[in-house]
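Undergrad: Listed below are the residues making up each chain.
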Amino acid sequence: MSQTTREPRKKRPLRKAPFVVIPSFLLLWLIGVATGEPARVLEQAMQVCLSCIGIG
Amino acid sequence: MEFVRKWVQVIIGFLTNSSWAFPFTKTIYQGPLKVICAPGLNCYSCPASTTYCPLGSIQQLLGGLRFALENGQHYFGLSVLGSIGVLGGLFGRLICGWACPFGFIQEILHKIPSRKFGIPRMLSYGKYMFLLLFVVVLPLVLIDEFGTGHPWFCKFVCPAGTLEAGLPMLLLQPNLRNTIGLLFLNKFVILILFLTWAVFSSRPFCRTACPLGAFYALFSKVRLIKLHLDEAKCTNCKACHHVCPMGVKFNESPDDPECITCLACMNKACKFDAISLEIGGIPLAVPDRGLTPASKP
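Chains A and B, in that order, are what the protein sequence lines are. Residue numbers for the first sequence follow the numbering used here, beginning at 1 and rising by one. Residue numbers for the second sequence follow the numbering used here, beginning at 57 and rising by one.
Bear in mind the hints are in silico, worked out from the structure with no lab data behind them. Incorrect hints may appear among the rest.
[As the list claims (entries may be wrong)] Subject to a maximum C-alpha distance of 30 Å in a straight line, what follows is the list of computed DSSO-like cross-link-like pairs (lysine-lysine): (1) Lys-289/B x Lys-305/B; (2) Lys-172/B x Lys-16/A; (3) Lys-289/B x Lys-327/B; (4) Lys-16/A x Lys-82/B; (5) Lys-305/B x Lys-11/A; (6) Lys-294/B x Lys-82/B; (7) Lys-172/B x Lys-327/B; (8) Lys-294/B x Lys-11/A; (9) Lys-172/B x Lys-82/B; (10) Lys-167/B x Lys-16/A; (11) Lys-305/B x Lys-167/B; (12) Lys-11/A x Lys-172/B; (13) Lys-277/B x Lys-11/A; (14) Lys-167/B x Lys-324/B; (15) Lys-277/B x Lys-327/B; (16) Lys-11/A x Lys-327/B; (17) Lys-324/B x Lys-289/B; (18) Lys-294/B x Lys-167/B; (19) Lys-167/B x Lys-11/A; (20) Lys-277/B x Lys-289/B; (21) Lys-62/B x Lys-172/B.
[As the list claims (entries may be wrong)] Across the chosen pairs, the derived CB separations fall in these ranges: (22) Glu-43/A x Leu-227/B: 54 to 64 Å; (23) Leu-14/A x Gln-229/B: 17 to 27 Å; (24) Gly-174/B x Phe-19/A: 30 to 40 Å; (25) Leu-227/B x Pro-13/A: 20 to 30 Å; (26) Val-20/A x Arg-122/B: 47 to 57 Å; (27) Phe-70/B x Pro-13/A: 18 to 28 Å; (28) Asn-127/B x Leu-27/A: 36 to 46 Å; (29) Ala-77/B x Pro-13/A: 28 to 38 Å; (30) Leu-71/B x Leu-14/A: 16 to 26 Å; (31) Ile-281/B x Leu-27/A: 45 to 55 Å; (32) Gly-128/B x Lys-11/A: 18 to 28 Å; (33) Pro-13/A x Phe-123/B: 22 to 32 Å; (34) Pro-13/A x Arg-233/B: 58 to 68 Å; (35) Arg-122/B x Ala-34/A: 13 to 23 Å.
These numbers were taken from a predicted model, which means no experiment stands behind them. The beta-carbon is built from N, C-alpha and C at its ideal position, and this holds for glycine as well.
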């Protein structure tokens, strides 16, 4: 039977980068929404894009 | 955990493709849910798709940018970039491993018994070329006589579009079959090539050509949820190298842009708890066998 030793968990520092990156992109999304872009995206997504799927 | 991941892939695949009226309507879903961004590569011209494809949308918006600006509309693709940026910041390429229908299809194909081959690391840079050139530069720069750019990646490369949208639409709308030409043939050959390659190599499209994977890969060091290597516990046994479907040598490169966080290295390979999942630096509860290198058998 192998003997094992249990180590106390070391506390790791909180990584700050995700908390900068995520709000930055959230801000971009909000700017896009404010310019009315989702309506244009919806308009495009509701049409069959023939060239996109290789037909026509 | 692999069982859970497979179920998550199936559920997200169904959620992003949950409009099953197409056998009767003979066309795509056209409801308001299509304002939601699909996390993975999921063509919005797929008859069952209820979300929009971020790659398709961004190419369309960039292609129509001149026209939009002339009409006083500032459609730079910021809402799309913001959506995938938030997803990238939260999950990075975990999305490839858990939420991409085309990645799931390639995984299924790779289960077909055959001789398996690796993919040279150098080919993984191809996807960044597709992202920069086919998704951003060409739709923005090369314009037709009407002043609009084309969705170059969707039009000339995307095998997911051919599989999820091109072929089903040809079945649903027989009149479209008259318009089949070189464009479709080119995309069909690319689809067959990647599906065949997926039998012999793990996730070839994700690793060599997917621009969405390339975008999410940019977040490999800064994403909120990622795998962590405890160097004190690692014995350099290289067990993690052998199970990785993306060819990542995790103990040598813990923030590798190719890592899709499928957890195979953590659950199937590492016997010493050197690999754990963390959220923003805080480790998630994982079974801790309490082994230290000194006590390893």
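Undergrad: Hint by hint, note whether the structure agrees.
TA: Against the structure, the hints come out as follows:
no.	hint	in the structure
1	Lys-289/B x Lys-305/B	16 Å, holds
2	Lys-172/B x Lys-16/A	40 Å, violated
3	Lys-289/B x Lys-327/B	10 Å, holds
4	Lys-16/A x Lys-82/B	49 Å, violated
5	Lys-305/B x Lys-11/A	26 Å, holds
6	Lys-294/B x Lys-82/B	52 Å, violated
7	Lys-172/B x Lys-327/B	25 Å, holds
8	Lys-294/B x Lys-11/A	26 Å, holds
9	Lys-172/B x Lys-82/B	39 Å, violated
10	Lys-167/B x Lys-16/A	39 Å, violated
11	Lys-305/B x Lys-167/B	22 Å, holds
12	Lys-11/A x Lys-172/B	41 Å, violated
13	Lys-277/B x Lys-11/A	20 Å, holds
14	Lys-167/B x Lys-324/B	17 Å, holds
15	Lys-277/B x Lys-327/B	25 Å, holds
16	Lys-11/A x Lys-327/B	22 Å, holds
17	Lys-324/B x Lys-289/B	16 Å, holds
18	Lys-294/B x Lys-167/B	23 Å, holds
19	Lys-167/B x Lys-11/A	40 Å, violated
20	Lys-277/B x Lys-289/B	21 Å, holds
21	Lys-62/B x Lys-172/B	21 Å, holds
22	Glu-43/A x Leu-227/B: 54 to 64 Å	26 Å, violated
23	Leu-14/A x Gln-229/B: 17 to 27 Å	53 Å, violated
24	Gly-174/B x Phe-19/A: 30 to 40 Å	37 Å, holds
25	Leu-227/B x Pro-13/A: 20 to 30 Å	55 Å, violated
26	Val-20/A x Arg-122/B: 47 to 57 Å	33 Å, violated
27	Phe-70/B x Pro-13/A: 18 to 28 Å	39 Å, violated
28	Asn-127/B x Leu-27/A: 36 to 46 Å	25 Å, violated
29	Ala-77/B x Pro-13/A: 28 to 38 Å	51 Å, violated
30	Leu-71/B x Leu-14/A: 16 to 26 Å	31 Å, violated
31	Ile-281/B x Leu-27/A: 45 to 55 Å	21 Å, violated
32	Gly-128/B x Lys-11/A: 18 to 28 Å	53 Å, violated
33	Pro-13/A x Phe-123/B: 22 to 32 Å	49 Å, violated
34	Pro-13/A x Arg-233/B: 58 to 68 Å	60 Å, holds
35	Arg-122/B x Ala-34/A: 13 to 23 Å	21 Å, holds
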